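Colleague: Here is how the chains run, residue by residue.
Protein chains: 4
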Amino acid sequence: MVSFECDYIAGAHPEIIRRLEETNMEALSGYGMDRYTESAKEKIKKACGTDTAQVEFLTGGTQTNMVVISTMLRDWEGVIAVPSGHVSVHESGAIEFTGHEVLEIPGRDGKMQADTLREYLVRFYSDVTHDHMTFPGMVYISYPTEPGTLYSKKELEDISAVCREYEIPLYLDGARLGYGLMSRHSDLSLQDIARLTDVFYIGGTKVGALCGEAVVFTKNNRPDHFMTSVKKRGALLAKGRLLGVQFDTLFTDDLYFRISRHAIEMAEQLREIIREKGWEFYVDSPTNQQLILMDEEQMRKLSEHVIFDRWGVYDDKLTIVRLATSWSTTEDDLRVLRELC
Amino acid sequence: MVSFECDYIAGAHPEIIRRLEETNMEALSGYGMDRYTESAKEKIKKACGTDTAQVEFLTGGTQTNMVVISTMLRDWEGVIAVPSGHVSVHESGAIEFTGHEVLEIPGRDGKMQADTLREYLVRFYSDVTHDHMTFPGMVYISYPTEPGTLYSKKELEDISAVCREYEIPLYLDGARLGYGLMSRHSDLSLQDIARLTDVFYIGGTKVGALCGEAVVFTKNNRPDHFMTSVKKRGALLAKGRLLGVQFDTLFTDDLYFRISRHAIEMAEQLREIIREKGWEFYVDSPTNQQLILMDEEQMRKLSEHVIFDRWGVYDDKLTIVRLATSWSTTEDDLRVLRELC
Amino acid sequence: MVSFECDYIAGAHPEIIRRLEETNMEALSGYGMDRYTESAKEKIKKACGTDTAQVEFLTGGTQTNMVVISTMLRDWEGVIAVPSGHVSVHESGAIEFTGHEVLEIPGRDGKMQADTLREYLVRFYSDVTHDHMTFPGMVYISYPTEPGTLYSKKELEDISAVCREYEIPLYLDGARLGYGLMSRHSDLSLQDIARLTDVFYIGGTKVGALCGEAVVFTKNNRPDHFMTSVKKRGALLAKGRLLGVQFDTLFTDDLYFRISRHAIEMAEQLREIIREKGWEFYVDSPTNQQLILMDEEQMRKLSEHVIFDRWGVYDDKLTIVRLATSWSTTEDDLRVLRELC
Amino acid sequence: MVSFECDYIAGAHPEIIRRLEETNMEALSGYGMDRYTESAKEKIKKACGTDTAQVEFLTGGTQTNMVVISTMLRDWEGVIAVPSGHVSVHESGAIEFTGHEVLEIPGRDGKMQADTLREYLVRFYSDVTHDHMTFPGMVYISYPTEPGTLYSKKELEDISAVCREYEIPLYLDGARLGYGLMSRHSDLSLQDIARLTDVFYIGGTKVGALCGEAVVFTKNNRPDHFMTSVKKRGALLAKGRLLGVQFDTLFTDDLYFRISRHAIEMAEQLREIIREKGWEFYVDSPTNQQLILMDEEQMRKLSEHVIFDRWGVYDDKLTIVRLATSWSTTEDDLRVLRELC
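Chains as they are written, first to last, in the working numbering: chain R, 1 to 341; chain B, 1 to 341; chain H, 1 to 341; chain U, 1 to 341.
Any given hint could be a false lead.
It does not matter which identical chain is meant; a pair holds if it fits inside one copy or across any two.
Below are the SDA-like pairs computed for lysine to any residue, each with C-alpha atoms no more than 25 angstroms apart in a straight line [as the list claims (entries may be wrong)]:
#1 K277 to F124
#2 K317 to T129
#3 K219 to T330
#4 K317 to R123
#5 K317 to D131
#6 K219 to R300
#7 K317 to R275
#8 K219 to R74
#9 K154 to F257
#10 K301 to T129
#11 K317 to V162
#12 K46 to E15
Please keep in mind that the hints were generated in silico from the structure rather than gathered at the bench.
Remember, predicted model here, so these are calculated numbers, not experimental data.
Construct the complete structure from the given sequences, taking the supplied hints into account.
Modeller: Take a look at the structure:
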């Protein structure tokens, strides 16, 4: 039995476990006031190629979205996202819990279009009753998107340009950032993302860490008293070292990018296998998540050897099945899929 | 200059003003603990034809939606509405302010379809990840809808049946309830609405009152400690008499329905005038609001004699213009429109 | 039977009713965009003796506190108040509903002491863990206070000085402002209050209006997009004229101050009667509310002719009874109390 | 240099690290749906000696308080706590962030008194205006308390009895539960706590874990759809194994209690040293935290060899200094303190 259920089925990359063990008995101050956290922040800033960045660590993705969005929005504002966005549909209303609305605009293959965004903003400000509406105060996108697609550099530049024209911060959810950047179809670098967005996060949970996400405020724009706001949301980790050591390890010797690249290579082989088997792709994804359509009989058969995720309902007969690779996927896992299914 | 801007351009029906004056110097207890509030509740319950109803008064429509929805939803639930619903778009995020999500499903001409609702619910519960989503915990519709359309009895029965099957309360926003019920195209009565919904409100602000909405919990289902929850939302009026006297008057001698009927008669003449002028209808509304399409030149000309509302943007050239009648519209107002425009 | 239950037992001052009737059929725009609201704002600014003030109208006191406090505080801040403050104890948690903490510091006779406030702030900032605490972001006081006491000009200046030293806005709840300013023991004017606070409100509900409070942002410091934030809290009245006409009337020919003065004169006679009867004062109040201590037998006897308020529990035997005068109290009311009780 | 700064200066107990490493590459489902989480829950239920308990894991203490309190309170309710309670003062308003008030009643040495609690409740319900107040809907205590004191079994039984009389759930914050239970002055067992409270948590962060708290709903009273509410608060950990493995380890072979006992033995030696040095105790604590009073000179000298916490301001001259032991404190640490300071 092998698992392609998601990209967080294993613990942490062994190098992270080794570093946690190595540093375990050192007496360190809490709440991120330790040397490993400090070092991790510096390494990430360097990788982003910017002096104006501020880096903060949080524990999980939904928590990060909630904290970042609700501390950056003003009272009268909401965040724009596409209907398939994680904040729109898979966070049990965490953004609304903080008192803010998610403003949905149509997307394509999980991506926001710069034109659609601009149209929405033009229409909003031309509506004479917009004082009775939620103001657009932030744009949320993810890279890769939920179904695993990628923005091209041109597409991201266009969205960024609209945001700057309207003075709205652009926030990029990078829960699987490594798997996006290391795709052969990506023409974006971490530096590009730091340049084109106002805030983004580098996902750890899905890319080799036990937990943890690194938020990068790219323009010296971290909200005032951020630690207190994090505490107020129950999101301040006492032993900040747990996050610091993990990200310090991930950003030493390019570990984050090397393990992401591995997941992509595994995904490329996975795509090959899917094609060989004649399974139908739901969407064409150049990243680590492959969505395919299967009927009940196909799923029954697959489940004899493979753990997978029922990602969504396609129609009366077909289900969208997700097969995900990650840093922990092995050639052996693929062999089982190729030979036994 | 005459105004068809909206249905709340005048103060209150003169009979209400008279009663406010008449009762003005009586010493009455606050917070709705007065005889007029008591009397108004009884009259409304009688008009609804039910013994199990509980009636409460609030000041405005958005406030009412916020209070009702947030006191009836449970922590993990949101409210289903169509994209043009008042709670979806014109309340500046008041529902989200209380920590709850508005779950949008497609509508037609401002109305929710029972089939679409059922599909949404089927799909929600068949999604294996629905524990990470907001649960549908209430259905919100309005009668008339935002663009002025009406549900038939059959349509409302169908929606009600889906709600009961899924044990989700059905909430009907009746900001303009009188103008809906008194339309010649309505086959619904107040009793029908009390029977088919779990909670609804009878709009006063737009139907003859200075302010005020009467919430009817139809099945003995008023949330516990409702007064405290109202207070907590800053929505408890000290001089409850202001609401009590107004609704007591509106539900004496059928005043609410008589003035609503008048508005509908004025709207029928207005539709005749619109047809005569050759203006294009945006939607076919059998109630007091008429939405038409006009270009800039037409609006300029109209504005010489008439105050109207730019309801929305239609396309690059055309604007959706609203002309609304109300209890206060006169034959003279219509004459100006017919003869001078 | 006469009522001294509270200062909102009657409707509105007859002059207000007259003006509501007079303006009733005029077609006016909604949401405060009418000439009466405009006029009322101008008159209030003039009465405050300042060019930098911005005036907004809301419907009730708790609503006003909630809207003002939650739109002025930043995410990490709370509001400082004394334990007897209305926001601390009598708003069912309306401030907390908006996500903010009320930080209580000890008071004396319902009043905050400048020294206590300063000590609190010194201690807060000297606490090394204050990043894990709610920051003091506003000071809330009321004038008169809940038990009816008054700040002297010196006391208010001292509190104001501490606030300015710490750059914290000072907010004064003036639910009964007229009854404070018109007391013979007050050495403060409306202009003083506008000068010494950052925001305050002039209570209408308890001083002659059917409903309504006038918020004065004294230093051009109204929060951005205030109307949208008001709407988001369900607090935007459609027929803003109801508030505009009332305050326009109250600030014409000093009506607000004249009727407040009347209430104070009635209160002075009331104090005389209390002394004659030998009833014990709970607190020495120079304003319209008199708090006295009574046992059950005394209350039983009083209740034969008078409606009064059981304000609080004093001890096992005694209850704190409130007798309030207002603009609507008459010599006849006092005569009943004097002669029959 | 040795550190007595707090009880979370080290990573995790080595046995936990070993188990994390051992299980690291196993493919497990997320969100707590793994065998280690299941096993940990069973062991904890057994240790609590009850069949009706439900166990859930969260990441940190403030998060746990926020999630438990806000999912158990109803809309109109707040939580009662003493002023030194963690929820009252050291959570940056996390409870208020969820829309609920913390109702403070006086305590003694950090402890709530059953009599004070009862008086508060009697007074609340005898106040005729309590519909305008926040209802008491839960009692929050901690064991040990913030300053390190302990409730006796009798004291806890008395508080529990008041709660049951008023049908209010009793919640015990056990951030340092092991250090309380293992104190020689404790006459309470884990089973007692499970019996006398309605919900409590077993702190991991401060007792040997990298992070994590185990919430025990003792009476089959876990809120409905708890996982969705946790997700909504951004508190659902994707790799639930991180919490499951840690608590499974802590509750294997009594590890949790053995390491807690060690911390207490270290604290007893620490108290001896404090007495020898002639330092003044601020409070008499039988648990792992010792609070002493020091002037600036004493602190300067101590800081040459020891890292400690400035817990609070005592007066103009003296600071309350905290010296904490934990599972990671060694005899060597104590030797430094004894010999060099």
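Colleague: Please go over all the hints and tell whether each is borne out by the structure.
Modeller: Here's how the hints hold up against the structure:
Proximity of K277 and F124 under a CA criterion of 25 angstroms is satisfied in neither setting, with 48 angstroms inside one chain copy and 31 angstroms between copies. In this homomeric assembly, K317 and T129 come within 25 angstroms of each other (Cα to Cα) only across copies, at 19 angstroms, whereas the closest approach inside a single copy is 44 angstroms. Proximity of K219 and T330 under a CA criterion of 25 angstroms is satisfied in neither setting, with 39 angstroms inside one chain copy and 45 angstroms between copies. Taking CA atoms no more than 25 angstroms apart as the test, K317 paired with R123 passes between copies only; the shortest distance there is 13 angstroms, against 39 angstroms inside one copy.
Proximity of K317 and D131 under a CA criterion of 25 angstroms is satisfied inter-copy only: 23 angstroms between copies versus 46 angstroms inside one chain copy. With identical chains, the CA atoms of K219 and R300 are never at most 25 angstroms apart, being 50 angstroms at best within one copy and 39 angstroms at best between copies. Taking the shortest Cα distances, K317 and R275 sit within 25 angstroms of each other inside one copy (21 angstroms), while across copies they are farther apart (49 angstroms). Taking CA atoms no more than 25 angstroms apart as the test, K219 paired with R74 passes in both settings, with 18 angstroms inside one copy and 21 angstroms between copies.
Only within a single protomer do K154 and F257 lie at most 25 angstroms apart by alpha-carbon distance; the minimum there is 23 angstroms, versus 59 angstroms between protomers. For the identical chains of this complex, K301 and T129 are inter-copy neighbours only, at 22 angstroms across copies versus 56 angstroms inside a copy, given an alpha-carbon limit of 25 angstroms. Taking the shortest alpha-carbon separations for K317 and V162, only the inter-copy value of 23 angstroms comes in at or below 25 angstroms, while the best intra-copy value is 41 angstroms. Taking the shortest alpha-carbon separations for K46 and E15, only the intra-copy value of 21 angstroms comes in at or below 25 angstroms, while the best inter-copy value is 36 angstroms.
Consistency with the previously given hints fails for numbers 1, 3, 6, ordered from lowest to highest.
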